[in-house]
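S.K.: Now for the letters of each chain:
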Amino acid sequence: MELRAELEEQIEQWRGYVRRRQAISTADVDELEDHLREQISDLAATGLDDEEAFLVAIRRMGSLDAVSREFAHEHSDRLWKQLVVAPEMPADGTPSWRELAVVVALAVGAGAAVKTGYDLAGDEAAFLRNVSLLVFPFLAGYFAWKRRLTAPVVATLLVPFAVLAVVLNVYPFEPGGSTELLAALHAPVVLWLLAGVAYVGGAWRSDARRMDFVRFTGELAIYYTLLALGGGVLVGLTAGVLQIVDVDVEPVLESWIMPFAVPGALVVAAWLVEAKQNVVENIAPVLTRVFTPLTVIMLLTLLVVLVTAGGFATVDRELLILMDAVLVLVLALLLYSISARDSLAPPGFFDALQLILVGTALAVDAVMLAAMLTRIAEFGTSPNKIAALGLNLLLLVHLAWAAWLSAGFLRGRRTFVALERWQTRYLPVYGLWAAVVVIVFPPLFDWV
Amino acid sequence: MSGAIRIDKDLVAASATPLVLGILAEEELHGYAILKRVAELSSGRMQWTDGMIYPLLHRLERNGLVSSSWGSSEAGRRRKHYAITAAGKEALAERHEQWSVVADALGQVWQAAQRPTGIARPAQGWA
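Chains A and B are the protein sequences, given in the same order.
When we follow the numbering used here, the leftmost residue of the first sequence carries the number 119, and every step to the right adds one.
When we follow the numbering used here, the leftmost residue of the second sequence carries the number 44, and every step to the right adds one.
Careful: at least some of the hints might be erroneous.
Computed Cβ-Cβ distance ranges for the label pairs, DEER-style [said to hold, decoys possible]:
id : chain 1 : residue 1 : chain 2 : residue 2 : range
1  : A       : Glu127    : B       : Ala155    : 55 to 63 Å
2  : B       : Ser116    : A       : Thr164    : 16 to 24 Å
3  : A       : Leu418    : B       : Ile50     : 53 to 61 Å
4  : A       : Ala443    : B       : Ala126    : 44 to 52 Å
Some, not all, of what chain B presents toward chain A, calculated at C-beta under 7 Å [stated by the list, open to error]:
id : residue
5  : Tyr75
6  : Thr92
7  : Asp93
8  : Met95
9  : His101
10 : Gly107
11 : Arg120
12 : Lys123
Derived from the structure by calculation, the hints contain no laboratory data.
Don't be surprised by glycine CBs; every beta carbon is placed ideally from N, CA and C.
Chain A with its partners taken away, still in its complex shape (with noise of 0.2 Å):
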């Protein structure tokens, strides 16, 4: 049976190529051989030998680039990188010291940036307003480069944030005053927004695209993270030798590292999420099944206390704004572990575990609301109460309704697109908002 060994032989070496599409995972390969078997040995039924009914088959099968193209095309969540990083590109072509040298430069850029912004603020809270300012263009300048973006996009993002930088300077905010502060804290939103445009190369509205801008905003956090540990071992070695030997590096820290270390190495690390994608896709889901467990105790723990404590009217303000914040982060985290989930995947126990994440944020959420509004009626309204209420609504909203679609997903009703679907349709809300706060809120609170 020479010709049998043969053919084994090739269909291995076709399973080998296939492989190495990023697009077609193991089980596609499996279902693709299993149908290449099959018209082998019905073409070899017909009287074709082996190596005849294998190319025939090859050839119905189709060109591997056209069908790999397809996969991608269906699964694109299998290889955003290599759809967004290397448009129709081989590769190994791009010279990577070119890029290198490109997120060096902008990463400098961003530094130099703050660091002069710092020098000609007058005041820290004129540095505040504008930091995210300055260091926007750096990041989306690094998408512009890297996708080719058209005019029309360059221009969509340059009148928001024109509109922003002007608002932010020109508004005549109280000094110390909260508007200003709610302005300096909503800016950023609006802007990650927009660099999230440049990310997905204009094309904001595919689902699609915007769900590989909140896998990426996951990525860059954890690599942010880790190369803030890492720079900040590097430092604290360094200082405490230098400490030794008398010389005293907290003023080099202060006027020239940080400024120039904290925002080049967000700029760093968006480079690092769209070369390194593969390293992190394995990490994704693992952090989201150890966290949302331990997100599900944190909340539940929170709840227990919020409602024993009793008095809502009591409450005080800083309670109130650490547990919006708390809330954002369950948010960020059923985002991204919805990013990271195998959409085709059936509902498992993971699922049941996020919805119950969900159940008891909403319950968190309620139990602000109904302090919110008894502050608001007992001590009247004010531009921080305004903001924090809106941002309630906005999660209440958000996280009722991914309830309820994953319910449905748990009871085998809906498909976990409508889930991802909901997610991404809702995302822009916020950047309105956060718009909102920034613009309407100063003149309407009277700048205090």
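Please build the complex by placing chain B on the supplied structure of chain A, with the hints as guidance.
M.R.: Just chain B, lined up with the frame of chain A:
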């Protein structure tokens, strides 16, 4: 390959979904068997690029129109079977309606084209 005619890419794309759904509505099948059924139904005149059916099936699955399960073939290989879901049946009914309209209109066009005199007669579908 005998008798296969080249069918325009857009037409294949448009007809593939209802064909696959319709075939799966009869019975649960794996990809290769679906293609064989397509060839059978068209007496071998319609042939797709085999590899393309899988991304299509995966898309239908993602949209909840079909469901899949792994089984094994007679030879003991891993084999993925597809079955139509309730949503798939709904979608099929919807497509059926759309295609009936198209086919009906086209049928009249073909008939009219065969009559060079071009005398208008009441169309059959307008009873």
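S.K.: Each hint needs a verdict: does it hold in this structure or not?
M.R.: Verification of the hints:
no., hint, in the structure
1, A/Glu127 to B/Ala155: 55 to 63 Å, "58 Å, holds"
2, B/Ser116 to A/Thr164: 16 to 24 Å, "20 Å, holds"
3, A/Leu418 to B/Ile50: 53 to 61 Å, "59 Å, holds"
4, A/Ala443 to B/Ala126: 44 to 52 Å, "46 Å, holds"
5, Tyr75, "5 Å, holds"
6, Thr92, "3 Å, holds"
7, Asp93, "5 Å, holds"
8, Met95, "6 Å, holds"
9, His101, "5 Å, holds"
10, Gly107, "4 Å, holds"
11, Arg120, "5 Å, holds"
12, Lys123, "5 Å, holds"
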